[in-house]
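Sequences are here, hints too, so could you generate the full structure?
Protein chains in written order, with our numbering: chain B, 1 to 345; chain F, 346 to 682; chain A, 683 to 998.
Hints were generated in silico from the structure; no laboratory data involved.
Positions of the beta carbon are idealized from the N, C-alpha and C atoms, including for glycine.
Take these hints with a grain of salt, some might be off.
To be verified - Residues from chain F that keep clear of chain A, each with C-beta distances beyond 10 Å, as calculated:
#1 G380
#2 V382
#3 T401
#4 R410
#5 S534
#6 S539
#7 P652
#8 L653
To be verified - Under 7 Å between C-beta atoms, here's a sample of chain B residues computed to sit facing chain F:
#9 G59
#10 L144
#11 I146
#12 R150
#13 V151
#14 A164
#15 T167
#16 V222
#17 V323
#18 I328
#19 V337
Said to hold, decoys possible - Pairwise CB distance ranges, derived in the manner of DEER restraints:
#20 F:A467 with A:N818: 37 to 47 Å
#21 F:D571 with B:S19: 38 to 48 Å
#22 F:V573 with B:F122: 52 to 62 Å
#23 A:Q806 with F:S570: 19 to 29 Å
#24 A:D850 with F:Y668: 18 to 28 Å
#25 A:Y805 with F:S570: 52 to 62 Å
#26 F:Q568 with A:N759: 49 to 59 Å
#27 A:A991 with B:L72: 30 to 40 Å
#28 B:F65 with A:A991: 29 to 39 Å
#29 F:A467 with B:F122: 56 to 66 Å
#30 A:Q870 with B:G28: 49 to 59 Å
#31 A:R790 with B:P45: 35 to 45 Å
#32 B:P45 with A:D869: 15 to 25 Å
#33 B:I214 with F:V586: 52 to 62 Å
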Amino acid sequence: MNAPLTAPANPRNVVASRSLFLPLVAAGLFLLLVIIGSLIYGAGPVTPRKALAALAGTGSDEAWFVIRELRLPRTLIGLATGLALGIAGALLQAMTRNPLAEPGLLGVSAGAGFAVAVAILFGASTATLTTLIAQVGALAGCSLVIAATRVQGLGNDPVRLVLAGATLSGLLLALTSMLMLMDQRAADEIRFWITGSVAGKSLATFQATLPSLIIALTLVVVVARPLAAMALGERAAVGLGHHPGRIRFLITVTVALLVGAATALAGPLIFVGLVVPFIARAFSGPDIRKTLWLCLPIGPAVVLAADVASRLMAAPAEMPLGVVTALIGAPVLLAIVRAGRMPSL
Amino acid sequence: MHRHALTMPDSRTLVANAVLLLLVAAAVIISLSMGTVQIAPAEVIRALIGTTEDPTAAFVINELRLSRVVAGMLSGAALALAGCLMQTLARNRLATPGIIGIDNAATAFAVASVVGTGIAIAPSAMALVGAATATALAFGLAGANGTRGYRFIVAGLGIGAIAGAVTQVMLSQVAIDDANAAYPWTVGSLNARSGASVQVLALGLAASCLVTVAIVRALNTLQFSDPVAIALGTRLRRTRVVGLGLSVLLTGLAVSVCGPVGLVALLAPELARTVCRPGRIPLTAAALAGAAFMVIADLLGRTLFSPLEIPVGIITAIVGSPYLLWILLRPSTRSLT
Amino acid sequence: MSQHPPMKRRLTAAIAILGALALGPANAESRSVDTAYGAVTIDGQPQRAVTLYEGALDPALAVGANAVGAVITRGGNDVAEYIKPRAGDIAIVGAPAETNIEAVIAARPDIILAPAQTNQQQYQLLSRIAPVVVSNVPMFQADSWEQETRLFGRALGREEAAENAIEDVKARIAEVAALVERTVPEDQRDATLVRWMPQGPLVMAEGLFSATLLQAVGFEVTDNGLVSDGRPHSQPLSLENLARMDQNWVFLATLNADGQQALEAARQTPAFSRLKASGQNQVVAVNGQLWSSASGPLAAKAILDDIEAALATLAP
Numbered sequence: 001m002n003a004p005l006t007a008p009a010n011p012r013n014v015v016a017s018r019s020l021f022l023p024l025v026a027a028g029l030f031l032l033l034v035i036i037g038s039l040i041y042g043a044g045p046v047t048p049r050k051a052l053a054a055l056a057g058t059g060s061d062e063a064w065f066v067i068r069e070l071r072l073p074r075t076l077i078g079l080a081t082g083l084a085l086g087i088a089g090a091l092l093q094a095m096t097r098n099p100l101a102e103p104g105l106l107g108v109s110a111g112a113g114f115a116v117a118v119a120i121l122f123g124a125s126t127a128t129l130t131t132l133i134a135q136v137g138a139l140a141g142c143s144l145v146i147a148a149t150r151v152q153g154l155g156n157d158p159v160r161l162v163l164a165g166a167t168l169s170g171l172l173l174a175l176t177s178m179l180m181l182m183d184q185r186a187a188d189e190i191r192f193w194i195t196g197s198v199a200g201k202s203l204a205t206f207q208a209t210l211p212s213l214i215i216a217l218t219l220v221v222v223v224a225r226p227l228a229a230m231a232l233g234e235r236a237a238v239g240l241g242h243h244p245g246r247i248r249f250l251i252t253v254t255v256a257l258l259v260g261a262a263t264a265l266a267g268p269l270i271f272v273g274l275v276v277p278f279i280a281r282a283f284s285g286p287d288i289r290k291t292l293w294l295c296l297p298i299g300p301a302v303v304l305a306a307d308v309a310s311r312l313m314a315a316p317a318e319m320p321l322g323v324v325t326a327l328i329g330a331p332v333l334l335a336i337v338r339a340g341r342m343p344s345l
Numbered sequence: 346m347h348r349h350a351l352t353m354p355d356s357r358t359l360v361a362n363a364v365l366l367l368l369v370a371a372a373v374i375i376s377l378s379m380g381t382v383q384i385a386p387a388e389v390i391r392a393l394i395g396t397t398e399d400p401t402a403a404f405v406i407n408e409l410r411l412s413r414v415v416a417g418m419l420s421g422a423a424l425a426l427a428g429c430l431m432q433t434l435a436r437n438r439l440a441t442p443g444i445i446g447i448d449n450a451a452t453a454f455a456v457a458s459v460v461g462t463g464i465a466i467a468p469s470a471m472a473l474v475g476a477a478t479a480t481a482l483a484f485g486l487a488g489a490n491g492t493r494g495y496r497f498i499v500a501g502l503g504i505g506a507i508a509g510a511v512t513q514v515m516l517s518q519v520a521i522d523d524a525n526a527a528y529p530w531t532v533g534s535l536n537a538r539s540g541a542s543v544q545v546l547a548l549g550l551a552a553s554c555l556v557t558v559a560i561v562r563a564l565n566t567l568q569f570s571d572p573v574a575i576a577l578g579t580r581l582r583r584t585r586v587v588g589l590g591l592s593v594l595l596t597g598l599a600v601s602v603c604g605p606v607g608l609v610a611l612l613a614p615e616l617a618r619t620v621c622r623p624g625r626i627p628l629t630a631a632a633l634a635g636a637a638f639m640v641i642a643d644l645l646g647r648t649l650f651s652p653l654e655i656p657v658g659i660i661t662a663i664v665g666s667p668y669l670l671w672i673l674l675r676p677s678t679r680s681l682t
Numbered sequence: 683m684s685q686h687p688p689m690k691r692r693l694t695a696a697i698a699i700l701g702a703l704a705l706g707p708a709n710a711e712s713r714s715v716d717t718a719y720g721a722v723t724i725d726g727q728p729q730r731a732v733t734l735y736e737g738a739l740d741p742a743l744a745v746g747a748n749a750v751g752a753v754i755t756r757g758g759n760d761v762a763e764y765i766k767p768r769a770g771d772i773a774i775v776g777a778p779a780e781t782n783i784e785a786v787i788a789a790r791p792d793i794i795l796a797p798a799q800t801n802q803q804q805y806q807l808l809s810r811i812a813p814v815v816v817s818n819v820p821m822f823q824a825d826s827w828e829q830e831t832r833l834f835g836r837a838l839g840r841e842e843a844a845e846n847a848i849e850d851v852k853a854r855i856a857e858v859a860a861l862v863e864r865t866v867p868e869d870q871r872d873a874t875l876v877r878w879m880p881q882g883p884l885v886m887a888e889g890l891f892s893a894t895l896l897q898a899v900g901f902e903v904t905d906n907g908l909v910s911d912g913r914p915h916s917q918p919l920s921l922e923n924l925a926r927m928d929q930n931w932v933f934l935a936t937l938n939a940d941g942q943q944a945l946e947a948a949r950q951t952p953a954f955s956r957l958k959a960s961g962q963n964q965v966v967a968v969n970g971q972l973w974s975s976a977s978g979p980l981a982a983k984a985i986l987d988d989i990e991a992a993l994a995t996l997a998p
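Okay, structure coming up:
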C-alpha cells in the first residue's frame, strides 16, 4: 500500500493538496477506461470491435442503437449508483468512526428495499415507483443506525454495530419473504427487484433521482469541513465552532438521500459502500475530505466494473449485479479484517 | 476449585433442564395434534401408543407429523449444541455457526450437489464439507488472534456473504426444476427433509453427545483464562480441536436436514444461560431449548397460513432477529465474551 | 359406483355422460395403469381426484372427473384463472414446489394425479393415501398434453371422455389453423413467445405447451436458439439480445393483473419498440398463468381462443 504520508488531519488543510493529485488522476483515468468498457462490452451480438466502430461513426445502426439506448443509460445509472453509495459509505464510516459501517451491511439498503417491497405489495408497480419511497425507507434505516451508535458502548464497538446491521437486514429480508409468500403475484416483481441490477432501468428513473442526488452532494460540501473537524474529537469540533448534533443530523439526511436514490436506481447493492472508501482511504489517508474527493471517481468505477462483469459472466443472460458486488466486496471485507489491526478512523 | 464443581449439575440447573424438557414435550404434543387433518388429542395418544382403530390417524401422526417433529427436535438440538460449543471455544457469545457463515457455506455446497454441477455426493456429505471449509477459512483469516475478538466474526460475515452469492449464482444458472429442487435448501424448511439425512443426524447427534460428555469438564475450565485452565489440568489444544470438530459436524448434519436455520444456534444457548446457574456451560439446557424452539417455529410455519407453509427459517429469523438486536443494542456494561 | 357424474359441472356434463355411457359397466372392473413408478391398479371410476400439478387438474376436469384438491398456480394464490370457473371451490393442497400431504389427506382422495418429477419418498407417502398416478409422459413434446390426457383419462376410468376431449381440441385447432391460413400471409407466420419481467424478457422454449399450439395452428415458433439444452422452460435474456427475437409475431405473457400495462411497459423500452412485431402491432399480450404454466384440453381451448381473438384484429 502506498498511502502517502500526510500530516495529521488538519481541518484547515487545502482540500485537494498535491499528494492527492496523482491518485485522483489515476482514478479518473481508470474510470474513463471502465466507462468505455461499459459502452463496448455487452451480453449481446454487438462486440467491442463493432461498438468501437459505431463510436467512431462508422458502425451499423444496430450497434449504435444498442450503445445509445441500452448501454448508455445503464452506464449513467451505474455512475450515479456508485457515486451515491461510495460517498454514503465514506460519510457513514467517518461519522461512526467505524471502517465497517457500510449502508448495505448496516441495514440502510435493506430498509429502502423493504419499503419498496411493501409499496409493490400495495399495488405500486416498479415502473411507477418513486424514489421517495426508497428514501423514506433508507431514512428509517439510517436513523436506526445512528440511534444505535449513540447507545452507550456500541459506538466504540465496530463489530457489534455491524452485527446489529446484519441482523436488521436479515429480519427485513425474512419479512419481505413473508410478504412474498402472502402475495405470489407481487412476489414475482419483488424477487426480480431485490437482487439489485442496473439493467433495463429507464433514464426516467435516473432523472427522478437527480434532484435528490444534487441536494445530497450540496450537503456533502457543507458537512465535509465540520466532519473533518469532528475526526479530532467532538470537543475540538465544538472549539472550532461546529455543532456535532446538527452535523450528525445533516449527515443522516445526506446518507438517506444517497442510499435511497441508489436503491431506487439499482435495488439493494451491498458492499459497494465498503469497497469504495476502503480503496480511497488507501490513497488519501484518514482525512475525510480527501477520501470524499477520491470516492467521486472510484465509486462509479467499481459499480461499472462490476456491471461489465455481470454482463460477461452469464451471456446471453446476465448475472444480477448484486451478486457480483457481493463477490467483489466480501473479499475486501476479509482484507480489512486481515489487515494487522482495525484501521481506526 | 473442587473437581466436582465443574462436572456435577447443581439443583438450579437440574430444575431448569426439567422445565425445558417439559417445554419440549408440550411443544411436541401440540405439534402432533395440530395440522390440516383434525385429530382429537385422545386419538393422538392412541395413535402414538399404537392402539388406534383409525388408520388415517395412525398414518398422519406416526408417519407424517412424528417424523417431522423428530427432524425438528434433532436439528434444533444439534444447532443449539453446536452454537454453545463454538461460543465456549471462541469465548464470544456471538460466535455461532450461523453468524460466522458456516450455515451459508454448508448450503452452498449442498445446493451444488442438488443442482447437479457434476459433483455427485449426497447433500449431507456436501453440507459437512461446506461447514468444515467455512470454519477452516474463518480460522485461517482470523490469523494469529484465533477466535477471539472481532476478526473471527467479521471474517465469518464475509465468508457467509460469498457463500450466499455463490448459491445465488448456481441457482440462476440451472434449469427451473433443479432450482425448485434446491429451494428448501435456501430458505430452511423441514418439509422436504429426507429420511436418510435425519437418520445420519440422529447418529451424529448421539455420538456428539457422548464425546461432549467426555470433554465437558475441560470445556467448563475454558471459561477461565488459558493459564488457569492449564493449571486445572485441561489440555487446551485437544479440547479446542475436539469441540470445534463437534460443532462443525453438528452444524453440517443439521443443515443437511433443515437447511440454514441460523439463529437457533444463538438463541437457544442465550435462553439456556438465563435459566441456568451462571458460570457453567449449559450444554443440556441449550440442546433442549434448541429442540423446543425449532419445533415451535415449525408449528407456527405450518399453521399460520395453512394449507400453504412458511419455511421454518423465515419464522426463526422473524422471531430471533429482534432478540439478537436487543442483545446487541442494549446499553450494557457486560461484555459479550 | 355411480354412472352419473356430478351434474353441477354443466359444461363437462355432456362429454362426461357420453364417456360414462360408452364405458358402461366395464368400468367397475379394476384396470392397470402404467405410471412412472410402474403399473398401478385402479378400481372403477374414481370419484375424488387430488391433482398435484396443473397439467393434471386440467385433463381431470376436462374428462368430467370430480377434482377435490389442487396446487396453486405459479405466481398466484389459487388455481389458474382460466380454470377457476370449472374448478369451483377446490381445496388447495400446496404449492408446485411443496405439497402439503396433510391437506391431501384432508381432501379424502380416492386417486392422486402427480407430476413426473415426484420423488420416490413423496411417492411412497402419497401411495399410502390413495393410488398415485405419476405421469410418465416426456415433457415438452408436441403431443405431451394428449398423452397425459389419455393417461389421466384412463386412470380416472374415463378413457372415452379423454378421447373426445382430445378430438374437440383437434377440431378447434383445425378451425384456428384455417383462420391463420386465411388471414396471415405465409411469410409472416414466424412468432416468438416471451414473458415480460421488469428487468427484461424471458424467452420461452419452443417445446412449451402454448408454443406447440401456436405451431399446430400454423405459426412458426422459434426461441431463436436462446433457450439452451437442458433448460426446458425459459431463459432470462439480456435486453441487448432482444433483437435476436425479431419475429413478425410476439406473444407477450405476463403475470400482472393487467397484461396491457405490461405491454405498455415493454413498449417504453426502446429495444422493444424497434422489433418488427411492435411496429406491425402484432404484439399480443396474453395471460402468463395460462400461457406459461398450464397444459391440457381446457387450457388448449382457452389459448386457441386467445389466438383467435388476436387474429380478429387483422380481419379485413
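Going through the hints against the structure:
The non-interface label for G380 (chain F) is inconsistent with chain A: the shortest C-beta to C-beta separation is roughly 5 Å, within 10 Å. Remark: the non-interface label on V382 (chain F) conflicts with the geometry, its nearest Cβ contact in chain A lying 5 Å away (cut-off 10 Å). Look at T401 (chain F): its CB is around 6 Å from the nearest CB on chain A, not clear of 10 Å, so calling it non-interface is violated. The beta carbon of R410 (chain F) sits about 8 Å from the closest Cβ of chain A, which is not more than 10 Å, so the claim that it is off the interface is violated.
A cut-off of 10 Å between C-beta atoms contradicts the statement that S534 (chain F) is not in contact with chain A; the least separation is 8 Å. A Cβ of chain A approaches the Cβ of S539 (chain F) within 10 Å, the least distance being about 6 Å, so the stated non-interface status is violated. A Cβ of chain A approaches the Cβ of P652 (chain F) within 10 Å, the least distance being about 4 Å, so the stated non-interface status is violated. Consistency note on L653 (chain F): stated as away from chain A, yet its beta-carbon is not over 10 Å from all of that chain's, at 6 Å minimum.
For G59 (chain B), the shortest C-beta to C-beta distance to chain F is roughly 32 Å, which exceeds 7 Å, and the interface hint is violated. Nearest Cβ of chain F to the Cβ of L144 (chain B): about 9 Å, over the 7 Å cut. The hint is violated. Interface hint status for I146 (chain B): violated, as the beta-carbon distance to the closest one in chain F is roughly 12 Å, over 7 Å. At its closest, the beta carbon of R150 (chain B) sits 10 Å from a beta carbon of chain F; the interface hint therefore is violated under the 7 Å criterion.
With its C-beta approaching chain F no nearer than about 5 Å, V151 (chain B) sits inside the 7 Å limit, and its interface hint holds. The closest approach between the C-beta of A164 (chain B) and any C-beta of chain F is roughly 4 Å, which is under the 7 Å cut-off, so the hint is satisfied. For the restraint placing T167 (chain B) at the interface with chain F, the shortest Cβ-Cβ distance is roughly 5 Å, inside the 7 Å limit, so the hint holds. Taking 7 Å as the C-beta cut-off, the interface hint given for V222 (chain B) is violated, the closest approach to chain F being about 30 Å.
Interface restraint check: V323 (chain B) against chain F, minimum CB-CB distance 5 Å, threshold 7 Å, status holds. A least Cβ separation of about 10 Å between I328 (chain B) and chain F goes past the 7 Å threshold, and the interface hint is therefore violated. A cut of 7 Å between beta carbons decides the hint on V337 (chain B): the least distance to chain F is about 5 Å, and the hint holds. About 26 Å separates the C-beta atoms of A467 (chain F) and N818 (chain A), a value inconsistent with the hinted range of 37 to 47 Å.
Taking the beta carbon of each, D571 (chain F) and S19 (chain B) are about 45 Å apart, inside 38 to 48 Å as hinted. Evaluation of the 52 to 62 Å hint for V573 (chain F) and F122 (chain B) yields a pass: the beta carbon distance comes to about 59 Å. Between Q806 (chain A) and S570 (chain F) the beta carbon distance is about 56 Å. The supplied range of 19 to 29 Å is therefore violated. At roughly 60 Å, the beta carbons of D850 (chain A) and Y668 (chain F) sit outside the given window of 18 to 28 Å.
Checked against the given bound of 52 to 62 Å, the beta carbons of Y805 (chain A) and S570 (chain F), roughly 58 Å apart, stay inside it. For Q568 (chain F) and N759 (chain A), the Cβ-Cβ distance of about 52 Å falls inside the hinted range of 49 to 59 Å, so the restraint holds. At roughly 39 Å, the beta carbons of A991 (chain A) and L72 (chain B) sit within the given window of 30 to 40 Å. Here the CB-CB span from F65 (chain B) to A991 (chain A) is close to 33 Å, well matched to the stated 29 to 39 Å.
Checked against the given bound of 56 to 66 Å, the beta carbons of A467 (chain F) and F122 (chain B), roughly 44 Å apart, lie outside it. Separated by about 52 Å at the C-beta atoms, Q870 (chain A) and G28 (chain B) satisfy the suggested range of 49 to 59 Å. In this structure the hint that R790 (chain A) and P45 (chain B) lie 35 to 45 Å apart at CB is violated, the actual value being about 57 Å. At about 24 Å, the beta-carbon gap between P45 (chain B) and D869 (chain A) stays in the expected band of 15 to 25 Å.
Taken as a hint, the range 52 to 62 Å holds for the pair I214 (chain B) and V586 (chain F), whose Cβ atoms sit roughly 58 Å apart.
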